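So the sequences go chain by chain: A and B. Just so you know, we're using the numbering used here here: the first sequence kicks off at 2 and counts up by one. Just so you know, we're using the numbering used here here: the second sequence kicks off at 2 and counts up by one.
Do not take every clue at face value.
Claimed, not checked - List time: in silico SDA-like cross-link candidates among lysine to any residue, alpha-carbon distance up to 20 Å:
(1) B:Lys280 <-> A:Leu260
(2) B:Lys294 <-> A:Ala458
(3) A:Lys173 <-> A:Leu260
(4) B:Lys209 <-> A:Ser179
(5) B:Lys244 <-> A:Lys149
(6) B:Lys300 <-> A:Asp211
(7) B:Lys280 <-> A:Leu3
(8) B:Lys305 <-> A:Asn407
(9) B:Lys121 <-> B:Asp184
(10) B:Lys250 <-> A:Ala458
(11) A:Lys149 <-> A:Asp170
(12) A:Lys184 <-> A:Asp170
(13) B:Lys311 <-> A:Ala458
(14) B:Lys244 <-> A:Ile16
(15) B:Lys280 <-> A:Met14
(16) B:Lys311 <-> A:Asp211
(17) B:Lys305 <-> A:Ala458
(18) B:Lys244 <-> A:Gly19
(19) B:Lys305 <-> A:Asp211
(20) B:Lys311 <-> A:Tyr403
(21) B:Lys411 <-> B:Ile430
(22) B:Lys280 <-> A:Ser459
(23) B:Lys300 <-> A:Ala458
(24) B:Lys273 <-> A:Met364
(25) B:Lys81 <-> B:Ser115
(26) B:Lys305 <-> A:Ala208
(27) A:Lys435 <-> B:Ile228
(28) B:Lys300 <-> B:Lys280
(29) B:Lys273 <-> A:Tyr48
(30) B:Lys250 <-> A:Leu260
(31) B:Lys244 <-> A:Met14
(32) B:Lys300 <-> A:Ala208
(33) A:Lys26 <-> B:Phe206
(34) B:Lys107 <-> B:Ser53
Unchecked claim - What follows is a set of in silico ranges between Cβ atoms, one per label pair, in the way DEER data are often shown:
(35) A:Ile410 <-> B:Lys209: 46 to 54 Å
(36) A:Leu103 <-> B:Leu272: 28 to 36 Å
(37) B:Phe331 <-> A:Asp101: 28 to 36 Å
(38) A:Leu39 <-> B:Thr513: 39 to 47 Å
Calculated directly from the structure, the hints in this document are not laboratory data. As the structure is a prediction and not an experimental result, all values here were calculated from the model. Just so it is clear, CB atoms sit at the ideal spot from N, CA and C, and this is done for glycine as well.
Listed here are the chains, written in short residue letters.
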Amino acid sequence: MLFSSMTFVFLFMPIVCGLYLLARKEIRNYLLLIASVLFYAWGEPSYLAIMILTILVNYIGANYIYRSHNEKHRKQILCLSILLNLAFLVYFKYFNFVIDNLNDVFHLNAHFIDVIMPIGISFYTFQAMSYLIDVYRREVPAQRDIYKLALYITLFPQLVAGPIVKYHDVEKQIDNRSVTFDKVALGVKRFIIGLAKKMLIANTLGAVADKIFALPVEQCDTFTAWLGAIAYSLQLYYDFSGYSDMAIGLGMIFGFRFLENFNYPYISKSITEFWRRWHISLSTWFKEYLYIPLGGNRVSPKRTYFNLFVVFLATGFWHGASWNFIFWGLWHGLFIIIEKITGWHKKTGGVWLSVIQHFYAIMVFVLGWVMFRADTMSYAWRYLANMFGFIPAHSLTYELPYYIDNLEIIVFVIALLCSLPIFKNMLFLDYKRKVLRSLVNIWLIILFLLSSATIAASTYNPFIYFRF
Amino acid sequence: MGKKRLVISLLLTIFFVFLLQPFYSTGNLLTSFLATKNHKLYRMDVFASGASTNKVELVSHTPNAVFQSPNWFKNPKWRKDKGNGSLIHGALKSKWQDSLIKLKVKGDGKLFISLRGEDKKIDGKRYPVLVDYKKLVVNGKPVLLGRKTIWHDRPFNYSLPVKNGDVVTLEVTARTHHFRWSDLRRVYDVNFKILFTVFILSFLFSYKFVQYVARFKILEHHSRIDIVFLCVFFALLFVPMLKINPADKSLQENRMLAKYPALFVSNGLNLKFGSLFEKWFNDRFWGREWLIKIHDSLKFYLNKYYANTKVFTGKDGWMFFQGDRKEFLFSEKQKQDIYRGVEALNKFCNQHEIKCYLEVVPAKSSIVPEAVFRKDFFQDAEIIPLLSSLSDKIGIDIIFPLEELKQAHKKDYVYFKTDHHWTEWGAYIGYKAFIEKLKEKYSHAVLTPETDYDIFYSHQVRAEFNRQFWKGYQCQSLNLTDETCRLDVKYKNYKNKDESHVVLHENSKKGTKDFYYPKTKGKVVVIGNSFAENFVSFLPYSFQYTKKLRSNSEGQDNFKLSRWKKDILEFHPDVLVFVFETRYIYHLKDLKD
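Isolated chain A, as found in the complex:
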C-alpha cells in the first residue's frame, strides 16, 4: 500500500488512527503491529514470510548476543545474524545484478531468478541490523518481547521508504510514549505537507522529467536537458522528503518522534554539507555502523579517504542494483574526498565565495541526479554531454508547452522557493498569533483537498472505444 493511494488516505489511515487514538494505552502497540502487518501484506502477502523470518533471526540473534558473555561467540552470532539479514537483501535485490555482470565478464549463461523485491527490504534490513549492532555494543538491552521487536521492524509509517529509524532512537518510545494533542496536530500537519509535496509538486515535476528523459538524447536541446535534470532534482527531493514528512507525521500521531530525514539539502554549499542535510537517517546509519567502525577520520588521511570511498560505494549500492547508482555514489564520494583534501567545505568568505560554493554544490548534485535517473550509464553520459552542448540536437519533437506548461511553471517556482527555508517555521507559530495560525490551518486543508483531488484523478481511466 502506498501513502499516496486512496485506500491508504481514506480507508486505512482514518480507521487505524481512529482506533489507535481511542484505544487504551496497553493495546496500542498490538493495534499498531496488526495495522503494520496488514499494511505490509496488502500488496503481496507472500512476502510476509520473509518479514517474519527477519524478525525471528534478529530476535534470537540479539537475545543471544545480549546474554552471552563470551566475546568471541557474541561476535560470531552478530556476524551470522547480519549475514542472514544481508542474504535476504542480496537475494532479492542484487542477485540478478551479480549474475548479469558475471555473465558479461566471464561470458557465462547463468539464469536470472524470477523474483520481485519485497517492498521496503532495504529499509527494514538496515533497521534490523542497527538493532543487532546496538545490542552488541550494549547500548541497548535486547528486546525480550518479540511483538515489540516486530513492531520496531514492521512499523508501517517508515516501513516502505524510511526514514531508517535506529533502534537506540526509539527503544524507549516503543515501551512508553505519550500521545498528546500537540503531537497529533503537528503530525497531521506534517502528513498533509508530505502528501502535498508528493502529489502536487513531485508528481507534477516528475511528469516533466519523465517526458524529457524518455527522449533520445538527439531530440533534446541543451535547455531542455537542463530543464529535465533540474525538474528531476526537485522531483526527487519532494518525493522523498514528502514521504519522510508523511512517515514522521504518522509517527507523531502515534506518539513517536522520528529524527528528521531532510534539512533543506539544496541550500548546501558543499557535498559534505549536502550529506548532512540529505537522507540524514541513511548517512548517519552509514556513519555510525560503517564509517566509524572502519576508523572514521581518526586514522591516517589516506585511510580516511579509503573509508569515505567505501561508505559512498555502499551508499550508491544501497540505492539500487545498477551501475548508475554505484557511479552516483562514487561521484559524491569523489567530491567529498576532494573537499576533505582541500578543506573547501570549511572555507568562509564574502558573498561571492558563498555564491560560488552554492553553484558548485548544485552542479555536483544535479549532474549526479542525471546518473541516478538515467536507465543506463551510456544514456547518462550522453545526456550529460548534451547538457554542455556536446551533442547537437536535431529533429526536436515537441514544443515547450508539451514539457512544461503554466501549471508546471507555477509548481516549478513553488518548488524552488520551498526548497529554501522560507516557510520553515510555518507549523510552529505561537498560539497567540491566532489569525496566522487559522490561515495556515485553512491553507493546509486546501492543500489536503487538492492532494486528494490529484489522488482521485489518478483513478480516472477512460476508454475511448470499448463499450463495457
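With chain A fixed as given, assemble chain B onto it according to the hints.
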C-alpha cells in the same frame, strides 16, 4: 457529564447518523428531500387495455388538472396487455384540493387507474415525490377514502371493466405531502433496529471523542483553532468511505467498474485481494467524480497542453486522440503481412468481379498540425510509400485524401475540434476523392455535386448511434464540462435536396444499413468503422443500392474478411470500399483468413 459536552456529542451523533445512512436506509434522505421538495403535482395514470386501439379521451376537467397522452404510453412494451394510456397531472397545495375529470373510453376492455407521484430521476435513480391522497371516487363509487401517502413506485391501483363509449368520472382529493414518521420506514426503507444501533454507537463514539478532545483542551489549554482543524481533517478522511457507488459501469469513463474481490478463492486466500480491493475502492468511493472534476478543470484552465492517457489538448481548443500516434516504420515481415491481407481482399474481389477500393482516412493531427504541440503526431505522410507499393504490387486502388483534406481545412473544419472523426465536410472530401478515383474504371459512378445539398451550419451533425461527434470523445474523456470544452463551434452540414432515397433496412445494433435510390445505377458495399458513418451518407445518391457493413477497428478479428463474405456475396455489389484510418493500417493483415 457536562451539558456542553452532551450537546456537542448529540450534534456529532446526528452528523454521524446522517453520514451512516447507507447502513440503515436504501434511500438517501437529504438528496430525496432536496430533489423532491419543489414538486407540487400529483399524477394519475389511466390505461385503457384490451386492444391496441383502445384509449381514453378527455371530456372535461377542472382547471387544476392537465391531460396528456405521451408516446411512451402508447402500446408500451413493458405492459403485458395492449392498449393506450394517458396521464393526468394535478396541481397540489398544502390544503386538500379537489379535481374532477371526465374521460371517454374508446374500445371494450378494462380501465386501469393508478394514483402516483411525479417521476423524478437524478442520474438514473428515482427519488420519491410523495403525495397525500384522501379520496378517489370513480363513477360515484368511492374506491379510496382516508389519507394515503403515495409515490411513483408505490402507487394506488384500481381497475374497472369498460365498454366503448363509456364516460368515466373521476373525483380526486390530494395535497402536498405532510411528513409522518412512518414515511421513514415505508418510503425510505429505514431499518429502525439498525438505526438504533447506529445511533447508540455513534453517540458512544462521539462522546468518547468529545471527551478526548476536551481532555486536551483542559489539560493543555490548546487553541480551538487546532481542535477545529483536526476535526475537519478527520471528518474529511471518513467521507469517501461512507458511500460506495453500486453502479456496474461508468458512462463517463466508458468502462465497467471494478467488482468487489473475493477474499478466498478455490486454492485458498486470494493473494491479489489487496490490489483488487484498491481497484474496487478507487472506482467507487464517494465524491470521486467531484474530486476528479476539480482536478481536471483546474489543470485544463491553467495549461495549454493537457493530457490524460487517451487524449491531449492542442492550441485554440483542439483536442487529439493519443491513439493517433503510430509508428509506420514497419519491418519487412510486417509489410509482407499487410500485403498478404490486401492481396486476399483483392483476390476475393477479382473472383467475384467486384471493384475493390481502400479509403484510408488520415489522422486529424496530420491535417491540423499547427494546433499540435507534439510533432510525433504528424507521420501520416510516411505511410504514402507503403500505400503506393500496395497499389503497385497488388493492383488495388487506394484513396488517401491527405492533401485534399489539408487544402479543405484551410477553408473550413474537416475534423471536429473535440473529436478525432472527420466532419461531414471532411467526409464529403473523402467521398469526392473516392468517386473521382472510381470514375476511372466504373462508368456508372456519379458524383453528387455540393449544389445538390442544402448546406447549413450547426453545432450538431448527423450522429452515429448514441455517439455525439460534435461533443466528441476527447471532450468527454477529459472529464470536462461542455462549456470548458468550448463547444460553440458550428460545423458544415449537408442535407440532400432530393429526399427520394429509401432506407430499405437498418440494424443499429450491428451497424448495418441498406439504401435504395432509383435515379442512379450500380451497387456499392461500404465496410468501415465510425469514419464510414459520415462517408456513407453521401453514397446513396451515387448508387442505386448501397449497403453499409460495420467493422469496429479495435479488438481482434474485426478486419477478418470472412465476417462479411456472406453478406457481400448475397448483395453482389459492383464496388466494394473499405474505410479505415491510418492507425489501423497494420490491421489489414487480418483480411487474410
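Status of each hint after checking the structure:
no. : hint                              : verdict
1   : B:Lys280 <-> A:Leu260             : violated (34 Å)
2   : B:Lys294 <-> A:Ala458             : holds (8 Å)
3   : A:Lys173 <-> A:Leu260             : holds (14 Å)
4   : B:Lys209 <-> A:Ser179             : holds (18 Å)
5   : B:Lys244 <-> A:Lys149             : violated (37 Å)
6   : B:Lys300 <-> A:Asp211             : holds (18 Å)
7   : B:Lys280 <-> A:Leu3               : holds (13 Å)
8   : B:Lys305 <-> A:Asn407             : holds (7 Å)
9   : B:Lys121 <-> B:Asp184             : holds (18 Å)
10  : B:Lys250 <-> A:Ala458             : holds (17 Å)
11  : A:Lys149 <-> A:Asp170             : holds (14 Å)
12  : A:Lys184 <-> A:Asp170             : holds (17 Å)
13  : B:Lys311 <-> A:Ala458             : holds (14 Å)
14  : B:Lys244 <-> A:Ile16              : holds (15 Å)
15  : B:Lys280 <-> A:Met14              : holds (17 Å)
16  : B:Lys311 <-> A:Asp211             : holds (18 Å)
17  : B:Lys305 <-> A:Ala458             : holds (19 Å)
18  : B:Lys244 <-> A:Gly19              : holds (19 Å)
19  : B:Lys305 <-> A:Asp211             : holds (19 Å)
20  : B:Lys311 <-> A:Tyr403             : holds (15 Å)
21  : B:Lys411 <-> B:Ile430             : holds (13 Å)
22  : B:Lys280 <-> A:Ser459             : holds (11 Å)
23  : B:Lys300 <-> A:Ala458             : holds (11 Å)
24  : B:Lys273 <-> A:Met364             : violated (44 Å)
25  : B:Lys81 <-> B:Ser115              : holds (16 Å)
26  : B:Lys305 <-> A:Ala208             : holds (15 Å)
27  : A:Lys435 <-> B:Ile228             : holds (13 Å)
28  : B:Lys300 <-> B:Lys280             : violated (24 Å)
29  : B:Lys273 <-> A:Tyr48              : holds (13 Å)
30  : B:Lys250 <-> A:Leu260             : violated (47 Å)
31  : B:Lys244 <-> A:Met14              : holds (17 Å)
32  : B:Lys300 <-> A:Ala208             : holds (14 Å)
33  : A:Lys26 <-> B:Phe206              : holds (17 Å)
34  : B:Lys107 <-> B:Ser53              : holds (11 Å)
35  : A:Ile410 <-> B:Lys209: 46 to 54 Å : holds (48 Å)
36  : A:Leu103 <-> B:Leu272: 28 to 36 Å : holds (32 Å)
37  : B:Phe331 <-> A:Asp101: 28 to 36 Å : holds (32 Å)
38  : A:Leu39 <-> B:Thr513: 39 to 47 Å  : violated (54 Å)
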